[in-house]
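**Q** Chains as they are written, first to last, in our numbering: chain Z, 1 to 425; chain P, 1001 to 1378; chain R, 2001 to 2478.
Source of the hints: derived by calculation from the structure; they are not laboratory data.
Watch out, some of these pointers could steer you wrong.
[Unchecked claim] Reference excerpt, derived from the structure (chain P facing chain R, CB under 10 angstroms, subset only):
| # | residue |
| --- | --- |
| 1 | Gly1016 |
| 2 | Pro1018 |
| 3 | Arg1020 |
| 4 | Leu1111 |
| 5 | Leu1175 |
| 6 | Pro1213 |
| 7 | Gln1276 |
| 8 | Pro1309 |
| 9 | His1311 |
| 10 | Asp1312 |
| 11 | Gln1314 |
| 12 | Ala1328 |
| 13 | Pro1335 |
[Said to hold, decoys possible] SDA-like cross-link-like pairs, simulated, lysine to any residue; straight-line CA separation at most 20 angstroms:
| # | chain 1 | residue 1 | chain 2 | residue 2 |
| --- | --- | --- | --- | --- |
| 14 | Z | Lys303 | Z | Thr274 |
| 15 | R | Lys2156 | P | Glu1083 |
| 16 | R | Lys2265 | Z | Glu327 |
| 17 | R | Lys2288 | P | His1222 |
| 18 | P | Lys1189 | P | His1222 |
| 19 | R | Lys2331 | Z | Thr78 |
| 20 | P | Lys1143 | R | Met2408 |
Positions of the beta carbon are idealized from the N, C-alpha and C atoms, including for glycine.
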Amino acid sequence: MVATHQIFSQDGYRLLQECIHCGLCLPTCPTYVVNGKEADSPRGRLSLMKYVDREPDIDAQGAFRHIDLCLGCLACQTACPSGVRYGHLLESSRTYQRQEIKPLTGFQRQIVTGVTSHRPLGMISSIIAVVQRLGLDRLVRVLRLLPATLRFQLAGMPRITGRAFSRTHDRLLPAMTPSDSSQGKVALFTGCVMDYWFSEVHAASVRVLQWNGFDVTIPEGQSCCGALHAHAGLEEEAEACLDRNWMAFQDIDAQALVVNAAGCGAQLRTEAWTSRNGLPVVDISEWLADKLIRPPGKKLYAKVTYDAPCHLHHAQSIHKAPYQLLETACEHLAVLPEAEMCCGSAGFYSLIQAEMSQQVLERKIAHIQSIAPATLITGNPGCQMQLQAGLHASGMKIPVLHIIQVLDQAYRQDEAYLLAFNLSE
Amino acid sequence: MSPGVSETFPEWPEPGVPLRPKERSNVGELIRQARTRRVPVGSTGSHPWDLSRLNKTIAFDTPDMLLTVETGQTLAAAKDMVEAERLWLPLDMPGDSYLSLAEYLTQDHSLSWLSSRYGAARDWITRLTAVDDEGREVACGAKVVKNVAGYQWAPLYIGAGDALGPIVEVSFRLLPLPTSISCGQWEGKSPSSLMGIWRQGCQDSHPTGRGDPWEAIRLTRHSSQWRMEGITRFPPDAVANWGRPVRDQIQEAITTAATPPRETAIPDFKPVHRIQVLPTQIAGLLDTLAACQLDLSCYPASGIIHAGPIHDDQDKQTYTAMLDMVIAKGGRVQPLRAGAHVNRQPGRDPSGERTIMTRVKSILDPEGVFGPLPENRW
Amino acid sequence: MPLPRQLIKQLQRIVGRRQVDTDFAELLVYESDGLTLRTARPGCVVYPSSTEECARVVKACHGAGVPYVPRGAGTGLSGGAISDGGVIIQLSRMSKLLGIHPDDRYAIVQPGVVNNYLNLQARPHGLEFAPDPSSQAACTIGGNLAENAGGPHTLKYGVTSNHILGQTVVFADGEIATFGGPFPVRTGPDFSTFLTGTEGTIAISTEITVRLVPTAATATTMLAVYPSVSGATDSVSAILAAGVLPTAMELIDNLCIQAVEGHLKAGFPTDAAAVLLIELDGEEQLMKRDAEAVARACKANGATDFHTAQTEDERQSLWRGRKHAVGSLGKITPAFYTNDGVVPRSKLTAILQVSYKVAQGHGIRVAHVCHAGDGNIHPLILYDPDESQGPERAMACSEDILLACLEMGGSLTGEHGIGAEKRNLLPRMFTEDDLGHMLRLRDGLNREGLLNPGKIFPTGAKCGELRNQPVFPSGTWI
């Protein structure tokens, strides 16, 4: 019997067969933990993919309702004893879904491409910056001017300037002299949302890298990593992003491409990238963990806790490095229960699947409440906004910072560091 | 020999005379005959079983660490046999284990000083054969150490008197015999200091403070003398250090033994009640009981006290009030002799056990071929 | 045949609309548990959140005369959690830890609590729940209870039935009852222990009181490497004969080692015919002495290498290799079938020889992981589901191995249960009278037979009828 396949190639189908139906992934899946339904578990979704693939008459819409509910956090990949490449299979089925079942509407497509390309993102950012400066964001919240999900998101946004880091960093940072660069040169990936909304994370990254003897280069022509496109099933657009970034980095003479957004790191670290570019992609925590030649002289005293971004912990399997780094900077690093479980952000998920996203977030917030830290630490812009919004909604005034920002704060206790980077205390 | 009549009893005996089958097949014959005569058999019926002649060792496979015997054997004999091969059946009963295994199991006397570590009879039985109400031999389990095929109904029969039928054969899983056992014995004037040593042993023997170093432990009071005995695999010098500060005015003896000693009987001790509470409640109860004149035996880690009888009237009041409190707080008081029932709300069956066992009885013995369920289990 | 609409409506009223699944895609994912060879699609899935809801659901099904099956995480390996057209009562929402009492060493949990989660909560108190099936990261306490689950460490600490103190259950007619309690030791008769291992055919446990035991203060894990499988199996008996009771003795054979090392790198030598993973715990001095005895026994039986894990990381790595051994097979075969036979310990060498030979006879590859100390073997029979007769050949091979186990005085299953999978073999293990007695209990306590039908006992077997029925031809799959 020769089977016909709707979604997968014969090789793809073989990957699907690696699932032995043992169920070890179930308790690690946020959506399964929340509603206890097999169809909303990784094992269930793989079964659904298998059926859609092989039986064209199946109710594919019904099946994709559950596949849509997947956050793509890849916790199941960490748990899987058979090494099933769930993320890969998920993207294949989403691509099929966009092509055959339910193409994105023009508006949806515009949102994805808009937020991730420079000009529209710049415009949005300028508007938000003005809104924030005038205090209108509070007005929006009080008067309930926008849909609830958008209001919720707005509360999680950092204060922004409206300008991209990649275009202003010359003014923001005094370049260290090359003589300090005893550890060599690295390139920094600036991305899209990170570039406009988290320029402070980029600035801190550059400072910490330079302070530890790295010469940092920020090549022009970089673009979005394409993760959001890929997760939405827009395979071609994701490819295009990869191409643009490849162009931007291919001739750069550096040891590594340092990424400080877990989602971007996971997207760039694909076989396609490694096969054609010599520049290895590394997460900043992974890169610095064993290269911190000048650890902070004094640790921060306040109690902090760390929530692992899924795309760092599960997609890139970076488990220990963030803790190693944070231990050099923090006196009281408390272990957050279920730190490796998703916060419910997952790119556009928090907008599209708001209800599930909120349920997943509630569980996370409850765990944070049980620790009651002074600062919550993570390593990805989406998580940072989602967690900040969740904490805000639950009335907790806890700032959410990137690992590198915390390290930067620890360094700021040192006069020499402040002086070197023209920082005021 | 007429069909169904054992050669031991050519005529059906008078009520009260034990049934003493010579062969395994006689058990079924006797049951079938009792069925036609409508005479209930078993310890709660007209004729108790005496299976002492069915005492064969069916299989004893040392490398498999399994023992299969007919239940006419005594627990002591079974334990002797396995210990000779450096194996161990970690079940015990105070005294010299003189009961046949049939009685030991159907009455469930398996609560002992080993129980907090090694549980009760049901935890060591891998296969059990009984005879049903139509005189057929029925078995559950297997002669292997781990098995989940089919229903394991042995726990229903253990402690059910003979109400569901007599138990005729049993297989136990065994352990390697512990070597170099340390035995501690302490005597003192009050239970609290002895309990202190026990508690301190648990704390000192484990990094988390929640150790359980005792293979067996028992605290007794006999003729106003409080005594605690325990055996452990920890070396004697470790035992000697546990609870040092609380050992004032306590006589102690710490020795070693090549094989684990068995639980000794307290002379003339015939307890009236079995009191079961949570381990954390034991110390309080012992303090109350210390004020009364009575003998007792306590397994602290199991939350069990065997106590009684009591003669002084004033003590009786204190004692009864204590029993009421135990029941009110959710503990259990089980009468160990006829007439020793304590005040209980009529029909109260907090564990639901009695109701379900009555149902099981009606399923497995609808015609009442066997005597009723023993009253004193609940 | 679809379920009566009336019943669906009634169920929706009890648990809420969203907690009743009836869509095709939602039901499809429940068509098998950890055993993929057996599939059956339920008519609906309902998610109660309390004992009372569960009882009302059962009453509704009972009233409508519709069969119903309780299910936990669906990690079982005997097809015990599937229903053909009936109602699946999915207990995943009942996953609260109701209380942990460290001083009295017990915990009360709902059935949906994951084994590992309970341990995570108990460990800070220095305690743990002893049964540790390899699926413990996902399997639930309710499922452990139903199957009387085991695991590597049961050699010393016993199986689930030794660790259940009490339970609240819903009977087949919806009646709620409570048995046992928090007391650490119980005398018989003991209905709660009887229920443990009845695979959800008599009652559904909705609240479970479990014993917690102190975590081992220190533990040593050793790895013995053998050029022949029989060297490893002989070592098992030799270690016990030396008077040592390890907490675990696990055998992993070459094919399984290949699969594990292929993607996990646990530290097993890939050229070994078999390795034995041995763990000791307890008092330090004793453990040292025992470890020497173990080393002697292993070397005397041909171990070419004997290694003690030096760090906790190394120890965890070896255990991860063992616990993920079965899952790793996904990398070397499209499908496999897990056998769960048991033999008396002294027959271990013989049964493994039979297993290899039988597989060879069927032209099938077989890998082994064994709870060797218990005599519990897991031949993992590799097959391709898309190949014609692939599944049938795997099953025939497994059946031959099980029959060999029975011939050696063993059992059909040590910890996975009979389920839907091996019910037709049960008459090979028990006499008609034995089975009749069990069926009396089932039919007396589950009168209409609506609770989890078609499990454990051959289908159609009713109390009294079995005697007149021919034994089901082996290999009949219904």
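**Q** Hints first: check each against the structure and report whether it holds.
**A** Verification of the hints:
1. Hint on Gly1016(P) is violated. Least Cβ distance to chain R is approximately 25 angstroms, over the 10 angstroms limit.
2. For Pro1018(P), the interface hint is violated, since its Cβ never comes within 10 angstroms of a Cβ in chain R; the closest pair sits about 22 angstroms apart.
3. Restraint check, Arg1020(P) versus chain R: the minimum CB separation of about 24 angstroms is more than 10 angstroms; hint violated.
4. Hint on Leu1111(P) holds. Least Cβ distance to chain R is approximately 5 angstroms, under the 10 angstroms limit.
5. Interface hint status for Leu1175(P): upheld, as the beta-carbon distance to the closest one in chain R is roughly 6 angstroms, under 10 angstroms.
6. Against a cut-off of 10 angstroms between C-beta atoms, the interface hint on Pro1213(P) holds, since the closest Cβ of chain R lies about 8 angstroms away.
7. Given hint, Gln1276(P) at the interface with chain R, holds; its Cβ is 5 angstroms from that chain's nearest Cβ, closer than 10 angstroms.
8. Taking 10 angstroms as the C-beta contact cut-off toward chain R, the hint placing Pro1309(P) at the interface is violated, the least distance being around 21 angstroms.
9. Against a cut-off of 10 angstroms between C-beta atoms, the interface hint on His1311(P) is violated, since the closest Cβ of chain R lies about 27 angstroms away.
10. The criterion of a C-beta within 10 angstroms of any C-beta in chain R is not met by Asp1312(P), whose closest approach is roughly 30 angstroms, and the hint is violated.
11. Below 10 angstroms, beta-carbon pairs count as interface contacts, and Gln1314(P) has none with chain R, the closest being about 30 angstroms; its hint is therefore violated.
12. For Ala1328(P), the interface hint is violated, since its Cβ never comes within 10 angstroms of a Cβ in chain R; the closest pair sits about 15 angstroms apart.
13. Given the 10 angstroms rule on beta carbons, the hint for Pro1335(P) is violated: about 13 angstroms separates it from the nearest Cβ of chain R.
14. Pair hint Lys303(Z) plus Thr274(Z) does not hold up; C-alpha atoms about 39 angstroms apart against a cutoff of 20 angstroms.
15. Simply put, Lys2156(R) and Glu1083(P) have alpha-carbon atoms about 19 angstroms apart, close enough for the 20 angstroms limit, and the pair holds.
16. Note on Lys2265(R) and Glu327(Z): the hinted pairing is violated, with a Cα-Cα distance of about 28 angstroms set against a maximum of 20 angstroms.
17. Straight-line distance between C-alpha atoms of Lys2288(R) and His1222(P) comes to about 40 angstroms, which puts the hinted pair past the 20 angstroms bound.
18. Our distance criterion of 20 angstroms between C-alpha atoms is met by Lys1189(P) and His1222(P), whose separation comes to about 12 angstroms.
19. A hinted pair counts as satisfied when its Cα atoms are at most 20 angstroms apart, and Lys2331(R) with Thr78(Z) qualifies at roughly 15 angstroms.
20. Of the supplied pair hints, the one linking Lys1143(P) and Met2408(R) holds, its CA atoms being roughly 10 angstroms apart against a limit of 20 angstroms.
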